[in-house]
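Chain residues, written in single-letter form:
Number of protein chains: 2
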Amino acid sequence: MFTNNEIQLDILKKRAFNLRWASVPDGVIPLTAADPDFPCAPEISEAINRYSSQRYFSYAPAEGHSFFRESVANFHSLKRNVNTNPAHVLAVDSAAYGIYMTCKAFIKKGDEAIIFNPVDFLFKHSIEANQGVSISFAIPLQPDVIIDINELEKLITSKTKMICLCNPLNPTGKVFTKTELLLIGQLAIKYNLIILSDEIWSDIVFEPNVYTSIASLDETIRQQTVIVTGYSKSYGLAGLRAGSVIAPNDKIFEILLQASEHQSTVHGCNVLAQVAVAAALNECEYWLKEFIIHLTHMRNICVDGLNKIDGFKCLTPQGCYLVFPDITKTGLSAETLQKKLIEEAKVAIVPGLSQWFGERATGHIRLSFATSEDIIKESIYRITKTINKL
Amino acid sequence: MFTNNEIQLDILKKRAFNLRWASVPDGVIPLTAADPDFPCAPEISEAINRYSSQRYFSYAPAEGHSFFRESVANFHSLKRNVNTNPAHVLAVDSAAYGIYMTCKAFIKKGDEAIIFNPVDFLFKHSIEANQGVSISFAIPLQPDVIIDINELEKLITSKTKMICLCNPLNPTGKVFTKTELLLIGQLAIKYNLIILSDEIWSDIVFEPNVYTSIASLDETIRQQTVIVTGYSKSYGLAGLRAGSVIAPNDKIFEILLQASEHQSTVHGCNVLAQVAVAAALNECEYWLKEFIIHLTHMRNICVDGLNKIDGFKCLTPQGCYLVFPDITKTGLSAETLQKKLIEEAKVAIVPGLSQWFGERATGHIRLSFATSEDIIKESIYRITKTINKL
Chain A
436 MFTNNEIQLD
446 ILKKRAFNLR
456 WASVPDGVIP
466 LTAADPDFPC
476 APEISEAINR
486 YSSQRYFSYA
496 PAEGHSFFRE
506 SVANFHSLKR
516 NVNTNPAHVL
526 AVDSAAYGIY
536 MTCKAFIKKG
546 DEAIIFNPVD
556 FLFKHSIEAN
566 QGVSISFAIP
576 LQPDVIIDIN
586 ELEKLITSKT
596 KMICLCNPLN
606 PTGKVFTKTE
616 LLLIGQLAIK
626 YNLIILSDEI
636 WSDIVFEPNV
646 YTSIASLDET
656 IRQQTVIVTG
666 YSKSYGLAGL
676 RAGSVIAPND
686 KIFEILLQAS
696 EHQSTVHGCN
706 VLAQVAVAAA
716 LNECEYWLKE
726 FIIHLTHMRN
736 ICVDGLNKID
746 GFKCLTPQGC
756 YLVFPDITKT
766 GLSAETLQKK
776 LIEEAKVAIV
786 PGLSQWFGER
796 ATGHIRLSFA
806 TSEDIIKESI
816 YRITKTINKL
Chain B
436 MFTNNEIQLD
446 ILKKRAFNLR
456 WASVPDGVIP
466 LTAADPDFPC
476 APEISEAINR
486 YSSQRYFSYA
496 PAEGHSFFRE
506 SVANFHSLKR
516 NVNTNPAHVL
526 AVDSAAYGIY
536 MTCKAFIKKG
546 DEAIIFNPVD
556 FLFKHSIEAN
566 QGVSISFAIP
576 LQPDVIIDIN
586 ELEKLITSKT
596 KMICLCNPLN
606 PTGKVFTKTE
616 LLLIGQLAIK
626 YNLIILSDEI
636 WSDIVFEPNV
646 YTSIASLDET
656 IRQQTVIVTG
666 YSKSYGLAGL
676 RAGSVIAPND
686 KIFEILLQAS
696 EHQSTVHGCN
706 VLAQVAVAAA
716 LNECEYWLKE
726 FIIHLTHMRN
736 ICVDGLNKID
746 GFKCLTPQGC
756 YLVFPDITKT
766 GLSAETLQKK
776 LIEEAKVAIV
786 PGLSQWFGER
796 ATGHIRLSFA
806 TSEDIIKESI
816 YRITKTINKL
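Protein chains in written order, with the working numbering: chain A, 436 to 825; chain B, 436 to 825.
So here's chain A without its partners, still in its complex pose (with noise of 0.2 Å):
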């Protein structure tokens, strides 16, 4: 399911946006946003066209249909671990979303929130958006050193409100063990703070790493927690736009859905997106099985090629489809290598700026391998010739 001949390229340069194929000049390889470049499940776009053939595309209810919330919840509780009640289940239009509105739910102006640095800037961009102030909290940027949780005690202020947990971590690839997980849910408890749990990249997890979520350490912990999750990264769905908020209670919940603004019609989920992720939850786990199958060989290919290319140092991911490589040591900054790989490599990548990922991403770039091996090794091979030959 996941060969060279599965992707069709006329597609994708029709419709993959946001600094891919549809965005990138003819030739240029985007390893750029994550987003698969295989078509999704069949079964998603079976059941899109059974429900659109009905011709009724009615009002949702605010919190989203029962059929999502409910293979949401399924899947929370029996995939996750997580005690999850489906009407604590708020469908929304990106896991994007659901981080900006609980941000808005949780932070008042002059609020500090604690963000991970490095991590993708839709935490810090969903906090400044609420007039709230992102407190940075530097973390190792090799995925199996743990983070230092003395460190993160010493931020928090009788403002901190949010610790904003991004795991698996984009862009370093980190799963977080049990153990760090544990004390963070314990410093959430001794401080009563929000834990803003990102799981959109749960299910993009290599083996021997396994994902631990949050929630799903003890009660006390997932009291404080809410889930944010999307369904873009394991399915291929960024441009339905779907995502869940999970609430650990009525009561926040209902300050949840107050910040939705889902009762006004101003924002909700719509309907296909909606019957596609609970196809892909409730259908398609076949399918991504075989998505991180492939998805680990991948990783293994760009790890071992990254590395073999002068001045680059490549550590292996546990999580996401995404290498970060260090590249200091080519004597260039990011942004000059983005520029040299788009123009002479004909490859596309993101560079690892503050704005990005925060200042510790410096000197880094991140590509993206949710692709084929075909695709994979003529990035390489066409990286390294233009930075070996330097």
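These aren't lab readings, by the way, just hints derived from the structure by calculation. Computed from a predicted structure; not experimentally measured.
Dumping the calculated DSS-like pairs for lysine-lysine here, alpha-carbon to alpha-carbon at most 25 Å:
#1 A/K596 - A/K543
#2 A/K543 - B/K544
#3 A/K774 - A/K743
#4 A/K748 - A/K764
#5 B/K544 - A/K544
#6 B/K543 - A/K543
#7 B/K543 - A/K544
#8 B/K625 - B/K543
#9 B/K820 - B/K743
#10 B/K514 - B/K724
#11 B/K748 - B/K820
#12 B/K812 - B/K775
We have chain A; now place chain B onto it with these hints.
For chain B alone, coordinates are given in the frame of chain A:
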């Protein structure tokens, strides 16, 4: 296409929320949220299924797909006589969000925006959510009585930034005349105000009334106007969540795009909704024409029937598939009447509460007639039986 046989109540009872079939007790007819009871045009389903069958749902462009922007621009250029550049069309996830983000773009804390009274709650809600002040302009409840432009001008202060125009006007069904629109437009130029032109009802206009977009009057007025529209009223697509925001120039487009949060991926319009809207605009004009012929007939049945009910006085709407009878002479408040109708007549309506439509809606109820003749006649029969025995 609009007979009772076309309506599939079994599906509506599963899919139509927001106070409609799936939200009311069995046996109750919901003439509540303005959402048609008929299935959408088959071309819309077919377009969705063709797109979906290719199994690629990659990230859409932040601004919307070019096929969507071109369809929308063509529609406004050809059908609305508003010179529209596809590059100034922003695909959004609903007209409601279009209104919200236009307020976010142009209203700062303490700024004033003028809304007509009565009008749908979304203007006031969006202004206040962005810390603005909504200034109420009382207008005649009779659709054919022109507004007093001098009274409107008196409300303009140095803090006024925007005039919010809903044309045709929900809930009274007023279709503004060219003369009225020209006077509003001239005020906007004189005081340099943005006109937020909510055109979601602009397809639903009954002969001999003719719809005019305020942006079609002249180029200087167009330059002050942001058009917001959606596709739920005309084509029954509320659950797909699609709308458009149309800027008059590059500068305003850029301000709106920044306010939209589309570039951060926090918001955006899902691809299948864009596919559906392009199909609706490009292929389904025949369907809309038939729908309006049917609606004209339904309007006449409603107005005649409601005026035979003791204490009801129902004016003839010029547009919108809504009737808005004055029920003060029943001696009941709109809320009491709502309860009585749902309990005894088994018909759900929307009470004319200040929070939904402004103070001038007091003493009125709103009924949607986007359903079959059988359902309309049954509803009026039930309401008549309940009220006339009082």
